[in-house]
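S.K.: Sequence:
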Amino acid sequence: MTAIKYSHAPGALCLVLVGLLAACGPSDEPSANNTNNTNNTNNTQNNTTNNTNNTNNDNNLNNADPVAYRSNYDMRLTSFAFVAGSPGASLNTLLAQNFDQEKNYPVIVLIEMVDLNVEAGTIGIRGGSGLKTTTEGSYIWDAETVLQDFAQGTIDEAGNYEAVLPHLDFVATVESSQSVSKTIIPIQQLEFRGRIRAEANGSSPTIDNGTIKGFVTKEDADQVMIALSPTSPPIALTQVLNASRLNHDASGDGTLDAWMLNATFTAIETVIVD
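Numbering-wise (my numbering), the sequence shown opens with residue -12 and increments by one.
If you are wondering where the hints come from, they were derived from the structure by calculation, not from laboratory data.
Nothing here was measured: the structure is a model prediction, and the numbers come from that model.
Some hints could be false.
[Unchecked claim] Restraint ranges, calculated between C-beta atoms of paired labels, are given here:
no.: 1; residue 1: 77; residue 2: 153; range: 23 to 29 Å
no.: 2; residue 1: 165; residue 2: 137; range: 34 to 40 Å
no.: 3; residue 1: 196; residue 2: 53; range: 17 to 23 Å
no.: 4; residue 1: 242; residue 2: 123; range: 45 to 51 Å
no.: 5; residue 1: 71; residue 2: 244; range: 21 to 27 Å
no.: 6; residue 1: 219; residue 2: 127; range: 25 to 31 Å
no.: 7; residue 1: 52; residue 2: 221; range: 39 to 45 Å
[To be verified] Here are the simulated SDA-like cross-link-like pairs (lysine to any residue), alpha carbons at most 20 Å apart as the crow flies:
no.: 8; residue 1: 205; residue 2: 136
no.: 9; residue 1: 200; residue 2: 127
no.: 10; residue 1: 90; residue 2: 127
no.: 11; residue 1: 205; residue 2: 170
no.: 12; residue 1: 200; residue 2: 178
no.: 13; residue 1: 119; residue 2: 145
no.: 14; residue 1: 200; residue 2: 185
no.: 15; residue 1: 200; residue 2: 70
no.: 16; residue 1: 200; residue 2: 118
no.: 17; residue 1: 200; residue 2: 136
We put the beta carbon where it would ideally sit given N, CA and C, even for glycine.
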């Protein structure tokens, strides 16, 4: 039987100039001018064509039928990566490996969207860690993590949404043939943005341009232990994020006491079983 270990908490320039002098008769100038005039005419025609194409493209976008979004969507992240320069970016390779859903205990982040109403511009969103079920393609919330209430967000007719999630427990797993190391990373004040793309009838939703911004406090990171490989001993998350790179004042007292994380993600539709 596979044992699961838990860790809890409450990123020569060279320039050569060649001069060529040639004698030209008076008749050469009109010919050159004619060529220039022809080129100018062609450029004008090309610009006119480009402007026409741009206008047609704009008209096609404006005339596109709006998506009849459903009121509720269950989504699962298919990728997650910290942006270059963000604390935590050093974990990207590990994260990519453990998003593989063929693993017994992959990284699973679920997003539940409810009460979606583009006319009113409102949507409810919550997110958290999930676990596989015995039915392929369906998931449950991880009971070892804190699942928040729905945060009220906004959405427009093009599917662009945003919301601030007060808290999200991100679970990083490292799986070997004999055990699974499971680390719960609490992220706070998660700014959650992206665009839901779907078929005209609202089916087959995806998110391919999502962004996440939130912070982890040093106090929490000091208590979180994470294994970077199946054979390496766990170390404090503070060591991974690097205490010298604290970049956010979470307490508002004028001192840097947290890491502001920036990441991108993609997501597809899934089934969340309550």
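S.K.: Run every hint past the structure and note whether it holds.
M.R.: Comparing the hints with the structure gives:
1. 77 <-> 153: 23 to 29 Å: Given about 27 Å between the Cβ atoms, the range holds.
2. 165 <-> 137: 34 to 40 Å: 39 Å, holds
3. 196 <-> 53: 17 to 23 Å: Cβ of residue 196 to Cβ of residue 53: about 19 Å, so the range 17 to 23 Å holds.
4. 242 <-> 123: 45 to 51 Å: 48 Å, holds
5. 71 <-> 244: 21 to 27 Å: Once the Cβ atoms are compared, 24 Å apart, the range 21 to 27 Å for residue 244 and residue 71 holds.
6. 219 <-> 127: 25 to 31 Å: 30 Å, holds
7. 52 <-> 221: 39 to 45 Å: Once the Cβ atoms are compared, 53 Å apart, the range 39 to 45 Å for residue 221 and residue 52 is violated.
8. 205 <-> 136: 25 Å, violated
9. 200 <-> 127: 25 Å, violated
10. 90 <-> 127: The hint holds at about 16 Å.
11. 205 <-> 170: 16 Å, holds
12. 200 <-> 178: 5 Å, holds
13. 119 <-> 145: 32 Å, violated
14. 200 <-> 185: Violated: residue 200 and residue 185 sit about 24 Å apart, past 20 Å.
15. 200 <-> 70: With Cα atoms ~10 Å apart, residue 200 and residue 70 stay inside 20 Å; holds.
16. 200 <-> 118: 24 Å, violated
17. 200 <-> 136: At roughly 19 Å apart (the allowed maximum being 20 Å), residue 136 and residue 200 satisfy the hint.
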